[in-house]
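If you want the building blocks of each chain, they are given just below.
Protein chains: 2
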Amino acid sequence: MEEVYNFSAGPAVLPQEVKSIVQEELANYRQTGMSVMEMSHRSNPFQDIIDEAEALLRELMNIPDNYHVLFLQGGASLQFSMLPMNLLTKHKKAEYVLTGSWSVKAAKEAEKFGDITTKISSNDKNFTYYPTVDLTTLSTDLDYIHITTNNTIEGTVIPSIPDTKQIPLVADMSSNILSEHYDVSKFGLIYAGAQKNIGPAGLTIAIVREDLIGSPIENCPTLLNYETYSKNQSLYNTPPTFSIYVAKLVFEWLKQKGGIAAIEKTNRQKAGMLYDFIDQSKLFHSLVKPGSRSLMNIPFTAESDELNAAFIKQAGEKGLVNLKGHRSVGGMRASIYNAMPVKGVQALIDFMESFEKANK
Amino acid sequence: MEEVYNFSAGPAVLPQEVKSIVQEELANYRQTGMSVMEMSHRSNPFQDIIDEAEALLRELMNIPDNYHVLFLQGGASLQFSMLPMNLLTKHKKAEYVLTGSWSVKAAKEAEKFGDITTKISSNDKNFTYYPTVDLTTLSTDLDYIHITTNNTIEGTVIPSIPDTKQIPLVADMSSNILSEHYDVSKFGLIYAGAQKNIGPAGLTIAIVREDLIGSPIENCPTLLNYETYSKNQSLYNTPPTFSIYVAKLVFEWLKQKGGIAAIEKTNRQKAGMLYDFIDQSKLFHSLVKPGSRSLMNIPFTAESDELNAAFIKQAGEKGLVNLKGHRSVGGMRASIYNAMPVKGVQALIDFMESFEKANK
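Respectively, the protein sequence lines represent chains A and B. Numbering-wise (this note's numbering), the first sequence opens with residue 2 and increments by one. Numbering-wise (this note's numbering), the second sequence opens with residue 2 and increments by one.
Heads up, a few of these hints could be off.
What the hints assert, rightly or not - Computed footprint of chain A on chain B, listed as stretches where at least three residues anywhere in the stretch have a Cβ under 8 Å from a Cβ of chain A:
{"id": "1", "segment": "19 to 29"}
{"id": "2", "segment": "199 to 211"}
{"id": "3", "segment": "233 to 243"}
{"id": "4", "segment": "284 to 294"}
{"id": "5", "segment": "320 to 334"}
To be verified - Just a sample of chain B residues kept apart from chain A, beta carbon distances all over 12 Å, derived:
{"id": "6", "residue": "Asp52"}
{"id": "7", "residue": "Ala77"}
{"id": "8", "residue": "Met274"}
{"id": "9", "residue": "Phe278"}
Stated by the list, open to error - One-sided and incomplete, this derived list gives chain B residues near chain A with beta-carbon spacing under 7 Å:
{"id": "10", "residue": "Leu57"}
{"id": "11", "residue": "Leu61"}
{"id": "12", "residue": "Asn63"}
{"id": "13", "residue": "Asn67"}
Simulated from the structure, these hints should not be mistaken for lab results. Small disclaimer: the values here were computed from a predicted structure and weren't measured. Even for Gly, the Cβ is constructed at its ideal location relative to N, Cα and C.
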């Protein structure tokens, strides 16, 4: 196909403009005679790339000076271990707010390194809403409180960021980083796999308040110690250079679009269009409670497994691809990250409308 | 510059043919309407890519069926920890053959998990030769013996692979995997960062004999357990998809070139040309003993720091780039991996010849 709208949950759609630049610069980056893929991570052109990537991310997210920006590998899944190995070391106690499959996995990994409580959870209703993060129910000597700001599989988002006072708030922001405004100073640590709103898979970003770095577990592997990266500007060993380059281009694109304020407005428009259509539809419905609905990942179902399967198949034939829901939820899921244009969401709604007419 | 010869030690030169394909397919991979970077790791097109990558590597290296091929992240440096976390668990004893900076780092990481001996070492002569791996000096209850087949910084290569009998032999093959024939069945585990002979940084490959998988340390992080990858065909979480795609193209290129037998012949020719020139030169000399000389990384020096600096500068102006030696060795280093054409080495020799004439 010439053009498709890619609703994949990740790796996911990239901005058309970014792909064009990557293609153009692929074999010969800015007259260096080589591809970024071939460039030493100690070379001046790559140093410029990583410097610019960090500066752009700091600008876009308004990251305070007392936070380090780290370029890591291993995905959010490796952060599930790296985080407790670095932060679960004082009281060895943390609360993991359970809001979906990924937070359950994160908590399970953390249990290898300390006492994990999961007092706040939406498991009672199959993770279809975002629970209130009520601090009064929690112990006061926690090393941190872990939240997942957006649940990729279940399609929920945290309505507002709680004030956790002296307890560091840690957020897995993999599926909605850079999509709406968050005040970084409310967090102790933010981490995110790149493959949704940042760039290609293989890059993970962590934003870490400096006082939380430097007290890892005993005999912590060097590559799993945040300090290894903060002290060496993420160049202790070879980082995923090409992914960092593409991330830099995505950050530039986002800045040109008007930054997070502008993209959040577009994201609210896109998600609003789709939720409005679903809510008035007699065929499709959302499983997520209003007030907890994600701007990025929108699961929905038709009335039967047969209709769901027919919808996914026919949509694919029209170039609306990767709409199959996660196996644990079923139905459909439209992931509409920053790079999904409004007209992509409109094309999906148009098709849903015609499918409903044909199958009512 | 339009064309350069890139002698970087890594990330390093890629085959021109591979770059052309990546560029051509960048925005729309085989009529999918999307870039490989945007493709779900659970999609059919990506499944084909990772299947083909594994099949090609198995064919090229003649990997026996009782070995798993794992696509990992974190570079060889993370393997320095992952390896002992998985294999240093029975007797908790291993020998690390010290042949350069990287093996020293590997041993230091392993010490966090067990008793490490370093009885075999070329540290006495500043790692300028490869020591004999004499098993009679070693304990017989080791969990493994670790070697570095090629030392990127020091420019040495192991002359022949020792028979370690019942003790698993583990090799860091980062800088010479796929460059010459190795009998995989002699090894328990082989690992390599991709950014020299495989593809872009951010991908790490491990080839692991199946009986060595499944007995990690207690509470091993899921992402650092080889079994997580062997049981899920490296798709437990999102792998570095784009790097795997480029690696697949490099494997195809190598197969078309005639495989490892053919590339080894070319590599011996290329290295031979350069060593022959250096050995007859009155200005340049090699620090590495004949018999231990790497086919991939060739450090050499002129007679003074001033001449070295002038050489590097003038070579760069002629498009012979990244020839500066590692800071711990000084002088120059020509890394001539599989993708460096013979004419690139000839261009270097031609320039060395003219530089010598001008500076004798």
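Original post:
Against chain A, is Asn67(B) within 7 Å by beta-carbon distance?
Top reply: 27 Å, violated
**OP:** Under 7 Å, Cβ to Cβ, is where Asn63(B) needs to be relative to chain A, so tell me if that hint holds or is violated.
**Re:** This hint is violated: Asn63(B) lies away from chain A, its Cβ roughly 27 Å from the closest one there, beyond 7 Å.
Original post:
Does the segment 233 to 243 of chain B contain three or more residues whose Cβ lies closer than 8 Å to a Cβ of chain A?
Top reply: holds (count 7)
Original post:
Can the segment 284 to 294 of chain B be counted as covered by chain A under the rule of three residues or more with Cβ-Cβ separation shorter than 8 Å?
Top reply: violated (count 0)
**OP:** Would you check chain A against the segment 19 to 29 of chain B, counting CB to CB pairs closer than 8 Å, and say if three or more residues qualify?
**Re:** Three-residue rule met by the segment 19 to 29 of chain B, so holds; n is 7.
**OP:** With chain A as the partner, please determine if Leu61(B) meets the hint condition of a C-beta pair closer than 7 Å.
**Re:** 20 Å, violated
**OP:** Say whether it holds or is violated: Ala77(B) keeps its Cβ farther than 12 Å from all Cβ of chain A.
**Re:** Contrary to the label, Ala77(B) does not stay out of reach of chain A, its closest Cβ about 8 Å off (not over 12 Å).
**OP:** Evaluate the condition: distance from the CB of Asp52(B) to the nearest CB of chain A exceeds 12 Å.
**Re:** The assertion about Asp52(B) holds, with a minimum of 17 Å to chain A.
Subject >> Whether chain A covers the segment 320 to 334 of chain B (at least 3 residues having a Cβ closer than 8 Å to its Cβ atoms) >> reply: Holds: 3 residues of the segment 320 to 334 of chain B have a Cβ under 8 Å from chain A.
Original post:
Under a C-beta cut-off of less than 8 Å, do 3 or more residues of the segment 199 to 211 of chain B approach chain A closely enough to confirm the stated coverage?
Top reply: Contact hint for the segment 199 to 211 of chain B vs chain A: holds, 5 residues under 8 Å.
Subject >> Claimed clearance of chain A by Met274(B), with the beta carbon kept past 12 Å >> reply: It holds; Met274(B) is separated from chain A by about 22 Å at its closest Cβ, greater than 12 Å.
**OP:** Double-check Leu57(B) for me: the hint is only fine if its C-beta lies closer than 7 Å to a C-beta in chain A.
**Re:** Because about 19 Å separates Leu57(B) from the closest Cβ in chain A, which is outside the 7 Å limit, the hint is violated.
Hint compliance for this structure: hints 4, 7, 10, 11, 12, 13 are broken, all remaining hints hold.
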